[in-house]
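Number of protein chains: 4
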Amino acid sequence: MDYTHEIRVSWGDCDPARIAYTARIPAWALEAINGFWEHVLDGDGWYQMELDRGFGTPFVHMEMDFRSPVTPRHRLACTVIPERLGESSITFRVTGRQDGALCFEGSFVCVFIVAGSLEKRSVPDEVRAVVGPRIAAAG
Amino acid sequence: MDYTHEIRVSWGDCDPARIAYTARIPAWALEAINGFWEHVLDGDGWYQMELDRGFGTPFVHMEMDFRSPVTPRHRLACTVIPERLGESSITFRVTGRQDGALCFEGSFVCVFIVAGSLEKRSVPDEVRAVVGPRIAAAG
Amino acid sequence: MDYTHEIRVSWGDCDPARIAYTARIPAWALEAINGFWEHVLDGDGWYQMELDRGFGTPFVHMEMDFRSPVTPRHRLACTVIPERLGESSITFRVTGRQDGALCFEGSFVCVFIVAGSLEKRSVPDEVRAVVGPRIAAAG
Amino acid sequence: MDYTHEIRVSWGDCDPARIAYTARIPAWALEAINGFWEHVLDGDGWYQMELDRGFGTPFVHMEMDFRSPVTPRHRLACTVIPERLGESSITFRVTGRQDGALCFEGSFVCVFIVAGSLEKRSVPDEVRAVVGPRIAAAG
Numbered sequence: 001m002d003y004t005h006e007i008r009v010s011w012g013d014c015d016p017a018r019i020a021y022t023a024r025i026p027a028w029a030l031e032a033i034n035g036f037w038e039h040v041l042d043g044d045g046w047y048q049m050e051l052d053r054g055f056g057t058p059f060v061h062m063e064m065d066f067r068s069p070v071t072p073r074h075r076l077a078c079t080v081i082p083e084r085l086g087e088s089s090i091t092f093r094v095t096g097r098q099d100g101a102l103c104f105e106g107s108f109v110c111v112f113i114v115a116g117s118l119e120k121r122s123v124p125d126e127v128r129a130v131v132g133p134r135i136a137a138a139g
Numbered sequence: 001m002d003y004t005h006e007i008r009v010s011w012g013d014c015d016p017a018r019i020a021y022t023a024r025i026p027a028w029a030l031e032a033i034n035g036f037w038e039h040v041l042d043g044d045g046w047y048q049m050e051l052d053r054g055f056g057t058p059f060v061h062m063e064m065d066f067r068s069p070v071t072p073r074h075r076l077a078c079t080v081i082p083e084r085l086g087e088s089s090i091t092f093r094v095t096g097r098q099d100g101a102l103c104f105e106g107s108f109v110c111v112f113i114v115a116g117s118l119e120k121r122s123v124p125d126e127v128r129a130v131v132g133p134r135i136a137a138a139g
Numbered sequence: 001m002d003y004t005h006e007i008r009v010s011w012g013d014c015d016p017a018r019i020a021y022t023a024r025i026p027a028w029a030l031e032a033i034n035g036f037w038e039h040v041l042d043g044d045g046w047y048q049m050e051l052d053r054g055f056g057t058p059f060v061h062m063e064m065d066f067r068s069p070v071t072p073r074h075r076l077a078c079t080v081i082p083e084r085l086g087e088s089s090i091t092f093r094v095t096g097r098q099d100g101a102l103c104f105e106g107s108f109v110c111v112f113i114v115a116g117s118l119e120k121r122s123v124p125d126e127v128r129a130v131v132g133p134r135i136a137a138a139g
Numbered sequence: 001m002d003y004t005h006e007i008r009v010s011w012g013d014c015d016p017a018r019i020a021y022t023a024r025i026p027a028w029a030l031e032a033i034n035g036f037w038e039h040v041l042d043g044d045g046w047y048q049m050e051l052d053r054g055f056g057t058p059f060v061h062m063e064m065d066f067r068s069p070v071t072p073r074h075r076l077a078c079t080v081i082p083e084r085l086g087e088s089s090i091t092f093r094v095t096g097r098q099d100g101a102l103c104f105e106g107s108f109v110c111v112f113i114v115a116g117s118l119e120k121r122s123v124p125d126e127v128r129a130v131v132g133p134r135i136a137a138a139g
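One line per chain: the protein sequences are P, R, S and L, in this order.
139 is the number that full-length UniProt numbering gives the last residue of the first sequence; the numbers go up by one with no jumps.
139 is the number that full-length UniProt numbering gives the last residue of the second sequence; the numbers go up by one with no jumps.
139 is the number that full-length UniProt numbering gives the last residue of the third sequence; the numbers go up by one with no jumps.
139 is the number that full-length UniProt numbering gives the last residue of the fourth sequence; the numbers go up by one with no jumps.
This is chain P alone, in the form it adopts within the complex (with noise of 0.2 angstroms):
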């Protein structure tokens, strides 16, 4: 029932270590947590979110631990599981697997702004209805 999102990892993707470059990750989190957003608002993720929906979601945090070498020889599964809704945050946890191993395992925050500005709002009712029942399962 949680949001998996599947990356391709790829050549370019590597350093000349071979494996993933350490800056790809925290990318890939993040296309992973818009991917969350269009699985549950309908195909909406921050590009509809800001320019269609009014609000937006900044990144306040994030935090990371990388458990093992992400690689092209596997698709990198992406899990995003949201943590807590605030009065006008959110918290992911995102955790990306290959073959099964964990690769890492990260913590997100962002808070809701009204589209076009910096200014805090209230969390969207359209994303409470969506996001809380999925806060309670996991909880």
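Check the hints yourself; a few may be wrong.
If several chains are the same, the list does not tell them apart, and a pair holds so long as it fits within one copy or across any two.
[Stated by the list, open to error] The list that follows gives simulated cross-link-like pairs (lysine to any residue, SDA-like), each with its CA atoms no further than 25 angstroms apart:
1) K120 / M1
2) K120 / R97
3) K120 / L102
4) K120 / V131
5) K120 / L51
6) K120 / E63
7) K120 / Q98
8) K120 / D42
9) K120 / V60
No lab work stands behind these hints: they were computed from the structure.
Bear in mind the structure is a predicted one, so any value in this text is a computation, not a measurement.
We have chain P; now place chains R, S and L onto it with these hints.
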């Protein structure tokens, strides 16, 4: 029968003009070509070519025409067609479409080399066997 | 007198063949062109063009030849020469060198548009004033 | 005396919200850390460490707080401070500022390994010699 590689365009690929940043487009064309290799070589892309099969295919030329903007509103379908197989080179045509509209088209030339060197070599038999018939069909 | 843009090539730009990944190269050529604009327009690049000056310069064509590998062992010097200024377009020649050796050369065509639209417009006077003399000098 | 690494933020780094896309920021912090190594190791960054010096420093942990948006209107000054040197690990603090304002701060932990392996090793003497005094000064 042509190979089509699907790209999930997202927020982070777009620039302040709200369309995909130009430099993302050759990067996607390359990912599509790598996907073509995975498709015809039992899942092996550039990574496995270099590490397991002993050859590489560096690019010597690319040219691209940008026909219409790419956005996150649709998946980007990149069709990869091998157009010419020389003694030690291959030419690909890549076209990108969103929702049926042509977004870009380009031509890419790679040469075959011995892995870990800059030494040119003839097209490997395993490549000629799978790519040759596709070129005949395209021609 | 030509504008040269310096790139610090690093580990994360390289692939398992231990040279810069091909897709990094058009990205650097674009950064160099943006640097050219900053150089001739009092520090304003594409960002300020679009947001402050009211015009944009999307790419319609690029072609590149890759002559020798790029590595982190030297800075990459990208020279940007405006070659042609049309009614509503500009053509740049970009060449990249490391330690004196030619690594790539390419040609890039952009059109001038009204910011926030896809509507073509003539070359802004402020651009013609600073780029025109450079083209005469190059020609 | 701290090492500061300058980043040219540009159009292609920004997303439709007209600020740098979040995933660019850990990537810049890593570039700054690589720049720190070049600064203290006679121009050698991760590339030369791995290929010439026989050791690597993969990341095992990162955490970042995003304090204010990054834009192309100023250079981004990333200060890299080695905070702790363990038996086989190093911790960096990286802070990014634009025009004096704090944009982000983060902590990054790397372990020392034998190049081409995943085998941990003690901090190389050549590293301890140059980094040790900086940690004492910072402490």
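Against the structure, the hints:
Proximity of K120 and M1 under a CA criterion of 25 angstroms is satisfied in neither setting, with 30 angstroms inside one chain copy and 38 angstroms between copies. Taking the shortest alpha-carbon separations for K120 and R97, only the inter-copy value of 22 angstroms comes in at or below 25 angstroms, while the best intra-copy value is 34 angstroms. In this assembly of identical chains, the alpha carbons of K120 and L102 lie at most 25 angstroms apart only when taken from different copies (19 angstroms versus 35 angstroms within one copy). Proximity of K120 to V131 under the C-alpha cut-off of 25 angstroms is restricted to the intra-copy arrangement: shortest distance 19 angstroms within a copy versus 41 angstroms between copies.
Taking identical chains as interchangeable, the C-alpha atoms of K120 and L51 lie at most 25 angstroms apart whether they share a chain (17 angstroms) or sit on different chains (24 angstroms). For a Cα distance limit of 25 angstroms, the shortest separation of K120 from E63 qualifies both inside one copy, at 22 angstroms, and across copies, at 23 angstroms. Within a single copy, K120 and Q98 get their C-alpha atoms only as close as 37 angstroms, which misses the 25 angstroms cut-off; across copies the closest is 22 angstroms, which meets it. When the C-alpha separation of K120 and D42 is checked against a cutoff of 25 angstroms, the pair qualifies only within one copy, where the shortest distance is 24 angstroms, while the shortest distance between copies is 35 angstroms.
Taking identical chains as interchangeable, the C-alpha atoms of K120 and V60 lie at most 25 angstroms apart only when both belong to the same chain, with a minimum of 12 angstroms there against 33 angstroms between chains.
When held up to the earlier numbered hints, the structure conflicts with hint 1 and nothing else.
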